[in-house]
Every structure is written in structure tokens, then in C-alpha cells.
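Trainee: If you're matching them up, the sequences are chains A and X in order.
Going by the working numbering, the first residue of the first sequence is number 1, and it counts up by one from there.
Going by the working numbering, the first residue of the second sequence is number 1, and it counts up by one from there.
No lab work stands behind these hints, which were simulated from the structure alone.
Small disclaimer: the values here were computed from a predicted structure and weren't measured.
Accuracy of the hints is not assured; some may be wrong.
With beta-carbon atoms standing in for the labels, derived distance ranges [to be verified]: (1) X:Pro114 to A:Lys161: 33 to 39 Å; (2) A:Lys125 to X:His135: 54 to 60 Å; (3) A:Lys161 to X:Glu49: 41 to 47 Å; (4) A:Asp106 to X:Met355: 19 to 25 Å; (5) X:Glu277 to A:Gly88: 37 to 43 Å; (6) A:Val103 to X:Gly115: 54 to 60 Å; (7) A:Lys125 to X:Gly115: 39 to 45 Å; (8) A:Gly12 to X:Tyr208: 29 to 35 Å; (9) A:Glu32 to X:Ala187: 44 to 50 Å; (10) A:Met84 to X:Glu49: 14 to 20 Å.
Think of the CB as a built atom: it goes at the ideal place given N, C-alpha and C, for glycine as much as any other residue.
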Amino acid sequence: MKETVIIAGFGGQGVLTMGKILAYSGVMQDFEVTWMPSYGPEMRGGTANVTVVLSDKPISSPIAHEFDVAVVLNQQSMEKFEAMVKPGGVLIYDTNGITRHPVRTDISVYTIDATAECARMGQAKLFNTMILGGYLKVRPVVKMENVMEGLKHTLPERAWKMLPQNEEAIHHGGEIIKQIR
Amino acid sequence: MAEKEVKLMKGNEVIAHAAIRYGCDGYFGYPITPQSEVMETLMELKPWETTGMVVLQAESEVASINMVYGGAATGKRVMTSSSSPGVSLMSEGLSYLAGAELPCVVVNCQRGGPGLGTIQPSQGDYFQACKGGAHGDFHLIVLAPNSVQEMHDFVGLAFDLAFKYRNPAMILADGAIGQMMEKVVLAPQRARKTNEEIAEECKSWAIYGKPESRERNVVTSLELQSEVMEKINLRLQAKYKAMEDNEVRYEAIECDDAEYVIVAFGSSARICSATVEMARAEGIKLGLLRPITLYPFPKNPIRELAERGVKGFLSAELNAGQMVEDVRMAVNGMAPVEHYGRQGGMMFSPDEVLMALKEKLINKK
């Protein structure tokens with residue numbers, strides 16, 4: 001098992017944290033993991049991304065130029081990362097703010113309207129765990145119990161009271177993700 | 001696995017944890033991307049409340065390295081960290097530390113240069129780290145970690161080697177290793193040395209208050225009599241020779257039957273280990289030799305590969321070709337040695353390196 005995922009969007013959407021929850025879930029499942037963030041000019045300019053690799057063998061390169069899955073949360077990231085999904089791979093995106101939808105036909109494409117759903121619920125903070133839930137529905141690479149452990153290790157203790165809402169958001173993300181291609 | 005202390009951490013964060021756990025007495029630094037998490041983590045961990053370790057943000061890198069000089073002169077285990085432009089500011093201090101034969105640890109989390117350059121990963125400081133980087137005939141001990149675990153382990157190793165040889169040791173990382181998170185097992189807490197232990201172990205050179213029982217110790221790099229200064233230089237050279245004889249460390253991956261060998265260190269070596277997997281899948285007998293100590297450089301293992309008949313070497317570095325000179329010297333004309341690199345903060349991909357290997361060596365007649 002080896003899964004290379006890029007999660008890309010705006011700073012503040014919880015992109016890096018979502019990657020960290022996924023990576024920590026992998027640690028809990030005894031996988032090897034790497035988490036490589038953008039920390040450069042793109043982050044200072046508002047967009048952020050993180051590459052997470054989960055594997056049952058030692059991970060050679062933490063830097064990837066093609067991905068099994070791209071989770072795309074803004075238009076800039078769509079333009080950059082649609083082309084970098086491996087043939088047969090998966091693209092997941094939130095349609096909010098997307099002006100040019102993906103065109104590739106050799107990959108599976110899913111939408112998850114988590115921005116709209118969080119706005120409807122009045123719970124903007126659950127955005128990234130809802131997206132994570134959508135991803136895990138499509139790619140169940142880690143067990144839910146390990147995801148909850150990963151979440152606990154990622155959130156500071158003062159935020160643990162939010163664990164049940166986040167668990168609910170993960171489940172809800174799995175319900176609202178739709179395959180369009 | 002819950003019993004073992006497996007954490008998910010950034011390379012920079014782990015430097016801070018390792019410093020505390022290996023019994024460091026003092027850290028003096030100044031923030032710079034991509035290594036600012038080292039001091040941020042230390043400030044969060046507040047080791048002055050637990051082990052008594054001092055953490056101080058100095059007014060500049062020049063001040064940091066001279067605080068390190070002062071701490072090291074008293075026999076304490078002290079360190080600093082920075083990134084490329086900040087390390088340049090420290091270079092005078094490093095020469096003085098080497099000249100005065102003081103042990104310390106310096107972490108360089110390299111970014112693209114020259115000048116202020118970028119904040120992305122680079123290996124453009126190989127010459128600076130391995131060829132002195134400041135005035136005078138001296139060497140740093142240079143360790144090149146390729147994982148978050150090695151970032152942790154090398155803090156301990158660097159202190160051990162620095163004290164064994166009374167010489168500054170540098171951990172030459174880069175933005176990728178510093179910013180990346182991986183699993184890491186933290187070492188058990190090692191107690192800081194007591195003043196009595198320091199007085200016993202460092203009594204021949206350190207200045208911690210002169211007891212009646214011995215002559216005074218003098219810590220200096222100044223000696224105006226050339227005859228004496230030459231002797232000091234010869235002693236330093238003998239020390240570097242001992243390092244070259246005893247401290248070479250490297251990792252050889254799939255080198256036993258290799259027809260071609262990539263030489264790469266740090267983050268590049270991680271990328272190139274994927275190149276080896278890809279090449280082997282195509283039936284190309286490719287190996288990877290990863291220097292762990294960049295100084296002393298593993299020239300004998302490379303020479304032995306050339307003597308055994310390796311058809312070509314590719315030095316893959318995130319720079320315009322620096323380590324390749326040392327590889328060429330080791331191979332000494334027995335086989336072609338080429339360089340492939342990206343610069344300015346760009347990183348190569350595994351298949352890019354494989355393409356370069358084919359173009360520059362395998363398909364070249």
C-alpha cells in the first residue's frame with residue numbers, strides 16, 4: 001500500500017492540519033508517513049498545500065511530482081494540480097469558487113460541497129474534517145478508529161471538546177461527496 | 001506501538017526536542033526561514049524549567065555564534081541553528097571556534113542562494129560547510145541527515161563528535177528536511193553534565209574557574225609567533241586526519257552489483273533512492289551511495305566502487321555542482337563522473353534524475 005496525496009487550497013482552510021490528521025492517522029495504523037508542506041512564497045501569498053505519503057514500506061522520496069489523489073480547494077490549485085494526478089487516479093474538489101472545472105477523462109472526479117454545507121450548518125471550523133471524510137469515503141486507507149486517534153494527536157487539548165463534532169463532520173463528508181466522472 | 005514514544009514531527013521541531021534530550025546546556029539563535037521552528041519549539045518546551053537549559057534569542061547571528069563561543073569555552077554543550085544567509089554571518093565565529101578548538105553544534109537548514117535568495121530547499125552551501133567556509137585551514141565535522149529521525153539522532157552524534165575532537169560540528173540539513181514531518185522515536189532524557197563532571201572531563205582546556213590544583217587554561221585562536229602557530233596548525237591537521245581515518249559514515253543502497261552509482265546526500269538522497277527503485281524496475285543496475293559525513297568525505301568507499309568497475313557516477317545535488325568535485329577526486333579518472341542538479345530552491349524528481357543518468361552516462365558513447 002502506498003498512497004500519495006496532495007491537499008491544496010487557501011491558507012486558513014485547514015489544509016495543512018487536514019494533512020497532519022491524515023498523516024497521524026497513518027502513524028496510528030503503523031504506516032510510514034511523510035508530510036511535506038508548502039512553506040514558501042505561495043503560502044505567503046495565500047495558497048497552501050501539503051503532500052502526504054502513507055505507505056506500508058519505508059518511503060523513499062517525500063517529494064512527489066505526481067499524485068494518486070489530489071484534493072483541490074481553490075481555482076489556483078485546480079490549475080496547478082489537475083495535470084499532476086496519475087492516470088487512473090482521483091481528483092476531489094469543492095465547487096465553491098471553481099470557475100474552470102476539471103477536464104481530464106482518465107481519472108475519477110468527485111465533488112464535495114463542504115464550503116456550502118459548513119455555511120448552512122454555521123460551522124466553518126469543520127470544513128477540513130468534512131473534506132477529510134469525503135476523501136476517506138473514496139480512499140478508505142486508514143481505519144476510522146485510527147483517524148480519531150490521529151485527530152486527537154493533532155488537535156491541542158483545549159480543542160478536544162470539539163472531537164465529537166469533528167467525528168460527525170467526517171461521517172457527513174462521506175455522505176455528501178459525489179462522483180461526477 | 002503506543003508504548004514506544006513515536007511522534008509525528010517536523011525536522012526543525014525534532015532538533016529542539018533532541019537538544020533537550022541529549023543534555024544541551026544552551027541554545028543561542030536568531031530566527032530565519034526555513035528553520036525558525038527550532039527556537040519556536042524550544043521556547044514552547046521551556047527547558048529552562050526542566051533541565052535548566054538556556055534558550056536565548058540573540059540580536060543577530062553574529063551575536064549567536066559568539067555566545068556559542070563563550071558557552072563552549074566553559075565546557076558546556078552549546079548550539080545554534082540558522083539557514084544559509086545566517087550561517088554566512090556566523091562564518092567568522094566558526095573559524096574562531098575551530099582555531100580555539102571549541103566543541104559546539106551548528107545546524108544549517110539550507111535555502112536557495114546566493115545572497116538572500118529564496119526560502120526553498122537547496123544544497124548550495126556544500127562548499128561553505130565542507131571546505132571551511134571562513135578564513136584559515138580548518139574543517140567542520142559535517143553531518144547530512146536525510147530524515148526527521150536522523151535530524152534527531154545527529155544532534156547527539158554531533159555533540160559526541162564535537163567533544164571527541166574539540167571541534168565545531170555542523171548538521172547540514174535543508175528546507176525540505178526541516179519542514180517535513182515524519183515519524184520519530186525520541187531518545188530518553190540524558191542528564192546535563194554537572195559542573196563537577198565538566199571540571200573533570202574538560203580540565204585540560206575549559207575555563208570554568210581555575211582551581212589551585214592546576215595551571216590556568218587559555219582559550220584563544222590568537223598566536224603571534226609563527227613558529228608556534230605552525231605547530232598549532234599541524235596539530236589541527238593531525239586531528240582532521242584522525243577524523244578522516246575514524247569518522248567516515250555513509251550508506252550504500254544496492255551498490256553490490258551496481259553498474260552505475262548515484263552519489264547524493266540529505267533530501268536529494270531520499271529522492272534518488274526512488275530513482276534507484278525506478279531504474280531497477282527497468283533492469284538498470286543502479287546503486288546509491290549516500291555520504292552521511294560530508295566531512296570527512298567517504299572517498300575510499302567511492303574509490304573502491306570505481307576500482308570494482310562501476311561504469312559511471314552521477315553526483316545529484318541541489319546546486320550547480322559542488323560535491324561532484326569530491327566524487328571526481330575519489331574516482332580519480334577511473335570512470336566518468338557527471339553532475340545533475342537543480343538550483344535556487346527547485347528540487348528534482350526521481351525520474352528527472354533517471355533521465356539525466358541515461359543522457360549523461362548510460363546512453364553516452
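Trainee: So, for every hint listed, does it hold in this structure?
Mentor: Okay, the hints, checked on the actual structure:
no. : hint                             : verdict
1   : X:Pro114 to A:Lys161: 33 to 39 Å : violated, 50 Å
2   : A:Lys125 to X:His135: 54 to 60 Å : holds, 55 Å
3   : A:Lys161 to X:Glu49: 41 to 47 Å  : violated, 28 Å
4   : A:Asp106 to X:Met355: 19 to 25 Å : holds, 23 Å
5   : X:Glu277 to A:Gly88: 37 to 43 Å  : violated, 20 Å
6   : A:Val103 to X:Gly115: 54 to 60 Å : violated, 41 Å
7   : A:Lys125 to X:Gly115: 39 to 45 Å : holds, 41 Å
8   : A:Gly12 to X:Tyr208: 29 to 35 Å  : violated, 51 Å
9   : A:Glu32 to X:Ala187: 44 to 50 Å  : violated, 20 Å
10  : A:Met84 to X:Glu49: 14 to 20 Å   : violated, 46 Å
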